[in-house]
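Turn these sequences into a full structure, and let the hints guide you.
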Amino acid sequence: MEEEFYKDEFEQFLQQQANNHRMFPTDGVWLGIYDKLHGHKKWPGLTIAAFAILIATVGISVYFSPKPSIFAIQPANKTIALVDAPKNSNALLNLVNTENKNIKGQILVEKTSENLSNGISDKQIIHSIITDLLVATDDKQNNINSEVSFNISKQPTNTVSPVVNQNTEKAQHKKATNTAFVNQEKIIEADGNKEYQFEENTLSSNLQITQPNPGKKSTPNTSKNIKSDPDDRNIADNFLKQHRTHLADFTTTKINHQKKRFSYTVYLAPSISYRKLKENQSLTSKSSNLTGPVAPNYVTDVNRLVRHKPGTGIETGLAFTYHLSNKFGIKSGIQFNVRQYNIEAFKSSTELTSIALLSSTGVDTIRSFAIYRNNNGDYSTELVNRYYQFSLPIGIDWEVLGNKKVQFHVAANIQPTYTFNSNSYMLSTNFKNYTVNSGMLRNWTINSNIETFVSLNVGEYKWQLGPQLRYQHLPTFITEYPIREHLMDYGIKLGVSKQIK
Amino acid sequence: MNTERQRKYLFLNAAVQTIYCLILKGNLLITCMTEEYIIAGCLHNDTAAQRELYNRYSPKMLAVCYRYAQNREDAEDMLQEGFIKVFTQMHTFQNKGAFEGWIRRIIVHTCINFLKKYKKFNDSVDLANAGFIHVKEETIPSIMQAKQVSECIRILPVGYKTVLNLYAIEGYSHREISEMLDIEESTSRSQYTRAKAMLEGILIKKKILEKPKPRFSWAVGLKK
Chain A
1 MEEEFYKDEF
11 EQFLQQQANN
21 HRMFPTDGVW
31 LGIYDKLHGH
41 KKWPGLTIAA
51 FAILIATVGI
61 SVYFSPKPSI
71 FAIQPANKTI
81 ALVDAPKNSN
91 ALLNLVNTEN
101 KNIKGQILVE
111 KTSENLSNGI
121 SDKQIIHSII
131 TDLLVATDDK
141 QNNINSEVSF
151 NISKQPTNTV
161 SPVVNQNTEK
171 AQHKKATNTA
181 FVNQEKIIEA
191 DGNKEYQFEE
201 NTLSSNLQIT
211 QPNPGKKSTP
221 NTSKNIKSDP
231 DDRNIADNFL
241 KQHRTHLADF
251 TTTKINHQKK
261 RFSYTVYLAP
271 SISYRKLKEN
281 QSLTSKSSNL
291 TGPVAPNYVT
301 DVNRLVRHKP
311 GTGIETGLAF
321 TYHLSNKFGI
331 KSGIQFNVRQ
341 YNIEAFKSST
351 ELTSIALLSS
361 TGVDTIRSFA
371 IYRNNNGDYS
381 TELVNRYYQF
391 SLPIGIDWEV
401 LGNKKVQFHV
411 AANIQPTYTF
421 NSNSYMLSTN
431 FKNYTVNSGM
441 LRNWTINSNI
451 ETFVSLNVGE
461 YKWQLGPQLR
471 YQHLPTFITE
481 YPIREHLMDY
491 GIKLGVSKQI
501 K
Chain B
502 MNTERQRKYL
512 FLNAAVQTIY
522 CLILKGNLLI
532 TCMTEEYIIA
542 GCLHNDTAAQ
552 RELYNRYSPK
562 MLAVCYRYAQ
572 NREDAEDMLQ
582 EGFIKVFTQM
592 HTFQNKGAFE
602 GWIRRIIVHT
612 CINFLKKYKK
622 FNDSVDLANA
632 GFIHVKEETI
642 PSIMQAKQVS
652 ECIRILPVGY
662 KTVLNLYAIE
672 GYSHREISEM
682 LDIEESTSRS
692 QYTRAKAMLE
702 GILIKKKILE
712 KPKPRFSWAV
722 GLKK
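For the record, the sequence lines run as chains A and B.
According to the working numbering, the stretch in the first sequence is residues 1 to 501, in order.
According to the working numbering, the stretch in the second sequence is residues 502 to 725, in order.
Since the hints were derived computationally from the structure, they do not count as laboratory data.
From the three backbone atoms N, C-alpha and C, an ideal C-beta is built for every residue, glycine too.
A few of these clues could be false.
[Said to hold, decoys possible] Within a straight-line C-alpha distance of at most 27 Å, the following computed DSS-like cross-link-like pairs (lysine-lysine) qualify:
#, chain 1, residue 1, chain 2, residue 2
1, A, 278, B, 586
2, B, 648, A, 36
3, A, 309, B, 618
4, A, 432, B, 648
5, A, 309, B, 561
6, A, 327, A, 405
7, B, 509, A, 36
8, A, 36, B, 617
9, A, 347, B, 618
10, A, 347, A, 260
11, A, 347, B, 648
12, B, 561, B, 617
13, A, 278, B, 648
14, A, 260, A, 404
15, B, 697, B, 708
16, B, 708, B, 561
17, B, 697, A, 36
18, B, 707, A, 36
19, A, 331, A, 278
20, A, 278, A, 309
21, A, 347, A, 405
22, A, 327, A, 432
23, A, 347, A, 278
24, B, 697, B, 586
25, B, 509, B, 586
26, A, 432, B, 561
[Unchecked claim] Chain A side only, calculated, beta carbon under 10 Å to chain B, not exhaustive:
#, residue
27, 14
28, 22
29, 37
30, 346
31, 350
32, 439
Below, the structure written as structure tokens:
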């Protein structure tokens, strides 16, 4: 009988065995077929988001930074910045070329000369000048009708003092230095109404500048009769050459760090959730000599045996940032995540299935009922594994480059995470069934997050937009479960932040 | 015109089936699709129907491809190419025979064409040299017998296993095989004989089959 089988039914035996054999292709096969039949599957969300980021970045850069270098750090005060330039004196006196800058330029000349003559220290001089410059800017509108002209006469002492000719009652109570209005070309009055002009580039050591005759009234200047004063230029030139380093202290932007160290951010991030399955190699290798249903099944990558596809998740949270410096900050806060993915499965009649729990001491088996199969069944269905998580992210934020309006950041954080839900479909040890076992879920896990974003300052608020990647390091299920599931999300984060005052 | 009518009929039939599923089962699941619905959907280039067809038949067809291929990657390439042909040639299905058989024929032909690109089926290994073919024990995982048998077939040289697959499993005649592989009919016969002998040896070695008793054992007994 056996011989008959061997000789005549060999082909039948082969046919039967071949027909019983099943293999499950990877997801890539279907994707390849789909691409061939319907073209490449598009992900419009990512395209739109990337396009929006690109447009926003370009638009912001063009709109807010018309200068050639949009990332150059701009000084807080444009007028002062000119003073710090290599050709300080020229720049300084060029300020008076325009009506708006006249006040500051004149004040600097006056104060410099005054203080030099009084023997006040350099730093005090500079501080005084800067203060007056700032005050003058504020009072400019009130003193628009005020004019000043130097009354200089050649006397034995070097003194420079302004005479203010105030046209309005209100302006009389203002300080002369705050109400100055001088053009590059101006009238120099000396000895009353006599009007003359110095030769250019002459500053003699015996130049004497005295108080004007109080009895005489200076005439208001007009643009026609204004003439340049080379003495002012030279005084400022000398001063700036000598005190360049001190002036530099005042020409850089200084932020009041104490007030602006803290900020908060509210954010929202639609994301795509997925998972990566790994076999717990340490456990399976230990259990290879143990009797149980597990060892024979681990002959191929578990990701090839399941069919899962990404789902849409969301992330929202509140973060507080402590700015250690202008570029660097540490972050913490609270965050809520919903992450999910879909599993393609087949519904069938209720079956008894087993889950092996591996440990160093041996193999424990949990029996469970399952109505979903991995490979075949009555009809196919989709299972959704959805997780609700709270986490406490702690991380860093680094502003890589940018200016006052637009910045580019890189940030990363670690997130101790608590998972709320207790139901999640898990694969049985023989990979044939999906079952739910609430006791197998791990509540506390660790996630990490890395993101880049472009931020834009709009008034008091700073808007940010950029991609992020979140990965769960500890498996979703307990350690003894031999299949380690690691969740990952990739999405676009939109946030708004404000400094706490 | 007939094809158009046939399509309409199939689609109508499928619609009725769907309504039946909705009413009786209370849900519209893609798996309620009957074979007719799937075919009609595929004819309309419907992604869901195509996916359902793929889900139903890909495991079995990948196993077919795997027996012809050198490795899993090749098998998946064959499967992908085969299913693309299935979907694009769906209109040629006459609804006369079994749908699965039609798909299987396409897949097998795809596998043969794939192998033709790289292999020469006239190359064979003499039975005398068959003993030198090392059977790696670790290449055959002991999960189930069907998989073991498939793995044993895959160990055979390309020419042997192709002829064996086509003749013993797919049921083609030696004439058809010779046409398919562009070889002589006699070559097909001899290769099959050798392949069969080699496979028997491997299956016995793997203890999947037992050694046959001598044909005239009773005579041996008489001698004793």
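So, going through the hints one by one against the coordinates:
Restraint check: the Cα-Cα separation between residue 278 of chain A and residue 586 of chain B comes to about 34 Å, which exceeds 27 Å; the hinted pair is violated. Pair hint residue 648 of chain B plus residue 36 of chain A does not hold up; C-alpha atoms about 31 Å apart against a cutoff of 27 Å. Between residue 309 of chain A and residue 618 of chain B, the direct Cα distance comes to roughly 35 Å. Violation of the 27 Å bound is thereby established for this hinted pair. About 16 Å separates the Cα atoms of residue 432 of chain A and residue 648 of chain B, which keeps this hinted pair within 27 Å; it holds.
The straight-line distance between the Cα atoms of residue 309 of chain A and residue 561 of chain B is roughly 22 Å, inside the 27 Å bound, and the hint therefore holds. Only pairs whose Cα atoms come within 27 Å are accepted, and residue 327 of chain A paired with residue 405 of chain A is accepted, the gap being roughly 14 Å. At most 27 Å may separate the alpha-carbon atoms for a hinted pair to count; residue 509 of chain B and residue 36 of chain A meet this at roughly 26 Å. Our distance criterion of 27 Å between C-alpha atoms is met by residue 36 of chain A and residue 617 of chain B, whose separation comes to about 23 Å.
For a cut-off of 27 Å, the pair hint linking residue 347 of chain A to residue 618 of chain B is broken: about 41 Å separates their Cα positions. Using a Cα cut-off of 27 Å, the hinted pair residue 347 of chain A and residue 260 of chain A is violated, with the two alpha carbons roughly 59 Å apart. Of the pairs offered as hints, the one joining residue 347 of chain A and residue 648 of chain B holds, with about 25 Å between alpha carbons and a cut-off of 27 Å not exceeded. With a C-alpha separation of about 22 Å, the suggested pairing of residue 561 of chain B with residue 617 of chain B holds against the 27 Å cut-off.
With a CA separation close to 24 Å, the supplied pair residue 278 of chain A and residue 648 of chain B stays within the 27 Å bound. About 14 Å separates the Cα atoms of residue 260 of chain A and residue 404 of chain A, which keeps this hinted pair within 27 Å; it holds. The suggested pairing of residue 697 of chain B with residue 708 of chain B holds, with an alpha-carbon distance near 16 Å, which does not exceed 27 Å. For a cut-off of 27 Å, the pair hint linking residue 708 of chain B to residue 561 of chain B stands: about 25 Å separates their Cα positions.
With a CA separation close to 39 Å, the supplied pair residue 697 of chain B and residue 36 of chain A exceeds the 27 Å bound. With a C-alpha separation of about 42 Å, the suggested pair residue 707 of chain B and residue 36 of chain A falls outside the 27 Å cut-off, and the hint is violated. Distance hint between residue 331 of chain A and residue 278 of chain A is unfulfilled; the C-alpha atoms sit about 31 Å from each other, more than 27 Å. Between residue 278 of chain A and residue 309 of chain A the CA atoms are separated by roughly 16 Å; this keeps the pair inside 27 Å, and the hint holds.
A hinted pair counts as satisfied when its Cα atoms are at most 27 Å apart, and residue 347 of chain A with residue 405 of chain A does not qualify at roughly 56 Å. Between residue 327 of chain A and residue 432 of chain A, the direct Cα distance comes to roughly 53 Å. Violation of the 27 Å bound is thereby established for this hinted pair. Restraint check: the Cα-Cα separation between residue 347 of chain A and residue 278 of chain A comes to about 25 Å, which is no more than 27 Å; the hinted pair holds. Our distance criterion of 27 Å between C-alpha atoms is broken by residue 697 of chain B and residue 586 of chain B, whose separation comes to about 31 Å.
For the given pair, residue 509 of chain B sits about 23 Å from residue 586 of chain B by alpha-carbon distance, which is consistent with the 27 Å threshold. A hinted pair counts as satisfied when its Cα atoms are at most 27 Å apart, and residue 432 of chain A with residue 561 of chain B qualifies at roughly 16 Å. Because the smallest distance between the Cβ of residue 14 of chain A and any Cβ of chain B comes to about 5 Å, under 10 Å, the interface hint for this residue holds. A least Cβ separation of about 4 Å between residue 22 of chain A and chain B falls short of the 10 Å threshold, and the interface hint therefore holds.
Using the Cβ-Cβ criterion of 10 Å, the hint placing residue 37 of chain A at the interface with chain B is satisfied: the shortest such distance is roughly 6 Å. Checking residue 346 of chain A against chain B by beta carbon gives a least distance of about 8 Å; that is within 10 Å, so the hint holds. Here the hint on residue 350 of chain A is broken, as its CB sits about 17 Å from the closest CB of chain B, past 10 Å. With 10 Å as the threshold, the beta carbon of residue 439 of chain A stays out of range of chain B, its nearest partner Cβ sitting at about 29 Å, so the hint is violated.
Checked against the numbered hints above, the structure violates hints 1, 2, 3, 9, 10, 17, 18, 19, 21, 22, 24, 31, 32; every other hint is satisfied.
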